[in-house]
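Student: Sequence:
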Amino acid sequence: MLSINKINSLQIFQVLQFGSAILIGVLLVKSGLPTSLVSVYEALLFIASLFCFFWVVGGQTALIQLFAKLDEATQKRAIFNVFLLFLLAGILTGSVLFFLQKPVSQGLTKFADLPLLDLLAFFLAINSPTFLLHIIYFLLGKYREVVLFGVVSFTLQLILVVGPIFFHLTLRESMYGMLAWAFFKFLWSLVVVLKYAELRIDPVFFKKYLPLAWPLLLFAAVSKGTEYVSGLAVSLLFEDEKSFAIFRYGARELPLAVLMVGALGMALTPELVENQALGLERIKSQTRRLSHLLYPVSMASMLAAPFLFPVFFNEDFKDSARIFNIFNLLLASRILLPQTVTMAEGKNMVLTLAATAELLVLVALSYWWGQLFGLEGVAWAAVAAFMVDRVILLWYNWQVLGVPASNYVDWKTWTTYNLILVAAFWVSLQF
Numbered sequence: 042m043l044s045i046n047k048i049n050s051l052q053i054f055q056v057l058q059f060g061s062a063i064l065i066g067v068l069l070v071k072s073g074l075p076t077s078l079v080s081v082y083e084a085l086l087f088i089a090s091l092f093c094f095f096w097v098v099g100g101q102t103a104l105i106q107l108f109a110k111l112d113e114a115t116q117k118r119a120i121f122n123v124f125l126l127f128l129l130a131g132i133l134t135g136s137v138l139f140f141l142q143k144p145v146s147q148g149l150t151k152f153a154d155l156p157l158l159d160l161l162a163f164f165l166a167i168n169s170p171t172f173l174l175h176i177i178y179f180l181l182g183k184y185r186e187v188v189l190f191g192v193v194s195f196t197l198q199l200i201l202v203v204g205p206i207f208f209h210l211t212l213r214e215s216m217y218g219m220l221a222w223a224f225f226k227f228l229w230s231l232v233v234v235l236k237y238a239e240l241r242i243d244p245v246f247f248k249k250y251l252p253l254a255w256p257l258l259l260f261a262a263v264s265k266g267t268e269y270v271s272g273l274a275v276s277l278l279f280e281d282e283k284s285f286a287i288f289r290y291g292a293r294e295l296p297l298a299v300l301m302v303g304a305l306g307m308a309l310t311p312e313l314v315e316n317q318a319l320g321l322e323r324i325k326s327q328t329r330r331l332s333h334l335l336y337p338v339s340m341a342s343m344l345a346a347p348f349l350f351p352v353f354f355n356e357d358f359k360d361s362a363r364i365f366n367i368f369n370l371l372l373a374s375r376i377l378l379p380q381t382v383t384m385a386e387g388k389n390m391v392l393t394l395a396a397t398a399e400l401l402v403l404v405a406l407s408y409w410w411g412q413l414f415g416l417e418g419v420a421w422a423a424v425a426a427f428m429v430d431r432v433i434l435l436w437y438n439w440q441v442l443g444v445p446a447s448n449y450v451d452w453k454t455w456t457t458y459n460l461i462l463v464a465a466f467w468v469s470l471q472f
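This note's numbering runs 41 ahead of the 1-based position in the sequence shown.
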């Protein structure tokens, strides 16, 4: 029986989250929903993430950094104060989207008038504070509850979003399902906050929390550039509305790679803070262990993608397979965790500066390579830009913090696996 612990609870949760998103996409296509409406659904998700991802991730990470340093009474107040902050931010974000529907539609997508933005605005207001629930469970050491919440939540999302389409209803009814799902999670979050938090505003906590959060908000805003800038580049460079859906369905790394490595970095940050030497060794051993799983799976998915994409989706999405395989090469930089070392040292602004360099490279290369090589050029730009971020942080940790990469990277394993990964990618091009 699988033992749920600090690290794998977050990994399982994030895999469930990503898997649900993938399965919803597959089922929407298989339901017979026209590709143009699938593009509408993907555009709505893109805008929702664009509007709230940066402050959600920044707020979550700052709470994880600070929580262990607080006494028990302050921890209880911290849960309530951050929940309240997320609630207010969600209402503000939803209000901005509601009143700027046409500029958002015309400025961020190729749709002259993207439908359902009004419902999306209400969804953001209700759903935003629920992003804290699994983090609260994690910080309280309730790792089984993290997984339980993930299973219940994402199963319900799947039913409420896809169900209406299979009953021959419209995308609007699917959005009503999204709203019902968000409301369910909000009630669950409210129960947890009332149970574990002290309902009292704490200005002293905010003085500690906000200085940590602001650089992380900026970091999250620009570090997500691989998804957002690439998506915007596709919208601006390609007139065909189907191109956006084709790119979005391909522009997904292997869920295990993104989510398990990300969860590992999040879980090991407190250990690095408490004991750097032990934490560094844990990063090296855990990433080596993950490599033995992630690289073979990535190679297999590369070889299978040209055959499976037309089957799981339809012939319109055949070109998505090559985009997917290019994004799989991101594993070479994803498996490195210099950002965890930098974050544990509290150098949050350095993370932001490195991510800004990544974003600038991404913007330039997406426009340049997108014009030269089409959708594949935009994907290659994402791979190159992400490696720039990792190289900067590896250099900073070595030269400024005095932590050489060999302390937390098994270079022999990394080099061997990446040579084989590139070979698998070349083979996939032959199909």
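Calculated from the structure, these hints are not laboratory results.
Hints may contain errors.
As a list, the in silico EDC-like pairs of lysine to aspartate or glutamate whose alpha-carbon atoms are at most 16 angstroms apart [stated by the list, open to error]: (1) K249 with D112; (2) K110 with E417; (3) K236 with E113.
Student: Each hint should be assessed against the structure and marked as holding or not.
Tutor: Outcome of the hint check:
| no. | hint | verdict |
| --- | --- | --- |
| 1 | K249 with D112 | holds (13 angstroms) |
| 2 | K110 with E417 | violated (46 angstroms) |
| 3 | K236 with E113 | holds (14 angstroms) |
Figure legend: structure checked against the earlier numbered hints; the only hint not met is number 2.
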